[in-house]
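Residue numbers (the working numbering), protein chains in the order written: chain Y, 1 to 273; chain C, 1001 to 1273.
Simulated from the structure, these hints should not be mistaken for laboratory data.
Take these hints with a grain of salt, some might be off.
Unchecked claim - 20 Å max Cα-Cα, derived PhoX-like pairs, lysine-lysine:
(1) 203(Y) to 112(Y)
(2) 1022(C) to 1237(C)
(3) 1172(C) to 1203(C)
(4) 1197(C) to 267(Y)
(5) 144(Y) to 230(Y)
(6) 1088(C) to 249(Y)
(7) 249(Y) to 203(Y)
(8) 1144(C) to 1172(C)
(9) 1144(C) to 1197(C)
(10) 49(Y) to 1267(C)
(11) 1054(C) to 267(Y)
(12) 1203(C) to 1218(C)
(13) 49(Y) to 1249(C)
(14) 1267(C) to 54(Y)
(15) 197(Y) to 172(Y)
(16) 203(Y) to 218(Y)
(17) 1022(C) to 1049(C)
(18) 1057(C) to 1022(C)
There are 2 protein chains.
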Amino acid sequence: MPDNGAPIGVFDSGVGGLTVAKEIMAQIPNERIVYFGDTARVPYGSKSKATITKFTKQIVRFLMTQDVKALVIACNTMSAYAIDEVEKEVSLPVIGVVKPGARVAVSQTKNKRIGVIATEGTIGSGMYERFITNIDPTVNVLGKACPLFCPLVEEGMLDDPVTDEVARRYLKELMDQDIDTLIMGCTHYPLLAPALKRLVGDKVRLVNPAYETARELKEMLTENGMLNDKPFNEQGKDHEFYVSDLADKFTRFAAEILDNNGINTRKVDIETY
Amino acid sequence: MPDNGAPIGVFDSGVGGLTVAKEIMAQIPNERIVYFGDTARVPYGSKSKATITKFTKQIVRFLMTQDVKALVIACNTMSAYAIDEVEKEVSLPVIGVVKPGARVAVSQTKNKRIGVIATEGTIGSGMYERFITNIDPTVNVLGKACPLFCPLVEEGMLDDPVTDEVARRYLKELMDQDIDTLIMGCTHYPLLAPALKRLVGDKVRLVNPAYETARELKEMLTENGMLNDKPFNEQGKDHEFYVSDLADKFTRFAAEILDNNGINTRKVDIETY
Chain Y
1 MPDNGAPIGV
11 FDSGVGGLTV
21 AKEIMAQIPN
31 ERIVYFGDTA
41 RVPYGSKSKA
51 TITKFTKQIV
61 RFLMTQDVKA
71 LVIACNTMSA
81 YAIDEVEKEV
91 SLPVIGVVKP
101 GARVAVSQTK
111 NKRIGVIATE
121 GTIGSGMYER
131 FITNIDPTVN
141 VLGKACPLFC
151 PLVEEGMLDD
161 PVTDEVARRY
171 LKELMDQDID
181 TLIMGCTHYP
191 LLAPALKRLV
201 GDKVRLVNPA
211 YETARELKEM
221 LTENGMLNDK
231 PFNEQGKDHE
241 FYVSDLADKF
251 TRFAAEILDN
261 NGINTRKVDI
271 ETY
Chain C
1001 MPDNGAPIGV
1011 FDSGVGGLTV
1021 AKEIMAQIPN
1031 ERIVYFGDTA
1041 RVPYGSKSKA
1051 TITKFTKQIV
1061 RFLMTQDVKA
1071 LVIACNTMSA
1081 YAIDEVEKEV
1091 SLPVIGVVKP
1101 GARVAVSQTK
1111 NKRIGVIATE
1121 GTIGSGMYER
1131 FITNIDPTVN
1141 VLGKACPLFC
1151 PLVEEGMLDD
1161 PVTDEVARRY
1171 LKELMDQDID
1181 TLIMGCTHYP
1191 LLAPALKRLV
1201 GDKVRLVNPA
1211 YETARELKEM
1221 LTENGMLNDK
1231 PFNEQGKDHE
1241 FYVSDLADKF
1251 TRFAAEILDN
1261 NGINTRKVDI
1271 ETY
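Work out the full structure: start from the sequences and follow the hints.
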């Protein structure tokens, strides 16, 4: 078993999972992170369960070589399709973003009508619905795939009438069904939160699974006595970042999201794992 | 050497190359096609030269197992980044979509101002500019990456005010510079031709490299005595389609593009080649 000083493995199909890494750094600042982003094969959102499971297992095998003490699946599509397989593969604690997001949405809804916006894969998997109705079978879950949101975020069109119009169309169906809670079920979407908020108004609460995932990770580490009690700056090691392509581009993106100019990203040949 | 009855290998990062396959079927209907689409790792447009070259070589190695007599790189990004490597790897004739598109654009421009719209990778590679100025160094080439066009096409938003607005922004710079010819340098873009035409008006000619590529392939096969002179329906074999993911989804898309309900798509584990 890795000791408490071992890092947390956090992984995603690309850069989106950095929003989860950032929450972990904020909520449990002693923990060191080894991050992997599959930038050579991104996006995962419209690929099959079989392919996503295969890619996920390769990533897990790579992170196991880094002696991590826990795994965080920071990608909704991977969490939805492959968390069971990952749990079978390793004996470490595994946390995905779907369950924490589902749990907090159930605790917040008043009228028991929860909307979920996510990739085609995440919506198609039905996992948010399954987790939510497991907790409370009387909740109505309304899912909507939003394939243009990721490309719009990656084009930097966060505050733009084009994005507003696309969002209006995607959300119309959910708003017509009177949801009072909306899960932003893809790591890119919280960057659209201001645009989404303008559209849904004050009566709909937005749920960001990244925040809830970090909270759940902290709880799990605390309960199992696995927290790192050594201050980060005394550990003599930094967070580590790995990708399957375009390390420099990732470094620039990570520097911005994490507000850290000391990031060094290494490329891994993930298909060999 | 494969005989004249051998098929043509046509490949792309996904479904877009079917527009090239369709042109080949129309212009040289005796030729049989073995198509590969890398639907597990699509899109290629914003990935690195190293990664695209590696993926391309795997695809070429797979197609070589199918005893093809020539290769057509039906993807602009792969043609731009990896055609030299493919030519080194095999002793068969290789045709990419970039050179034929460049050639016809040069023959059509009057004011020697050619615009190119394509993925980030294709624009970043500078290959259209290189081929065009090799033919005529006095031509000005103005490139513009349009990362939202593929997702918009895949959402089916071909005739939509959102797409019109995105196109207006992408093309503004090119129109301001008074181009008279516009290369649609990504296999998805010809599906936006009506929207692009509305925007650029009659004074700008749109170039579709798919058409020119099929024409060049026909010329090459003719010159080298490699044409299949047996009528297609007497060959006893059909076109073949392979993908790395989501074979059923590909079949539906191919049936629509090629107007053929007899398509059967098989999945290949491309990373093992």
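Would the hint linking residue 1054(C) and residue 267(Y) be met if the CA-CA limit is 20 Å?
With Cα atoms ~14 Å apart, residue 1054(C) and residue 267(Y) stay inside 20 Å; holds.
Would the hint linking residue 1088(C) and residue 249(Y) be met if the CA-CA limit is 20 Å?
Violated - the C-alpha atoms of residue 249(Y) and residue 1088(C) are around 29 Å apart, more than 20 Å.
Quick one, are residue 144(Y) and residue 230(Y) close enough, alpha carbons at most 20 Å?
Measuring from Cα to Cα gives roughly 43 Å; hence the hint is violated.
Pair hint residue 203(Y) and residue 112(Y), alpha-carbon separation not exceeding 20 Å
Between residue 203(Y) and residue 112(Y) the Cα gap is close to 13 Å, so the pair holds against 20 Å.
Do the alpha carbons of residue 249(Y) and residue 203(Y) lie within 20 Å of each other, as the hint requires?
Cα-Cα ~38 Å, so violated.
Restraint status (C-alpha distance of residue 1197(C) to residue 267(Y) at most 20 Å)
violated, 42 Å
Restraint status (C-alpha distance of residue 1144(C) to residue 1197(C) at most 20 Å):
holds, 17 Å
Starting from residue 49(Y), check that the Cα of residue 1249(C) is at most 20 Å away, please.
holds, 13 Å
Tell me if the straight-line CA distance from residue 1172(C) to residue 1203(C) falls inside 20 Å.
Between residue 1172(C) and residue 1203(C) the Cα gap is close to 15 Å, so the pair holds against 20 Å.
Checking one constraint from the list: CA of residue 1267(C) to CA of residue 54(Y), max 20 Å. Satisfied?
holds, 14 Å
Can the restraint linking residue 1022(C) and residue 1237(C) be considered satisfied, given a maximum Cα separation of 20 Å?
At roughly 17 Å apart (the allowed maximum being 20 Å), residue 1237(C) and residue 1022(C) satisfy the hint.
What's the verdict on residue 1144(C) and residue 1172(C), does the C-alpha distance respect the 20 Å limit or exceed it?
Judged against 20 Å, a Cα distance of about 10 Å means the pair holds.
Checked against the numbered hints above, the structure breaks hints 4, 5, 6, 7, 12, 16, 17, 18 and satisfies the rest.
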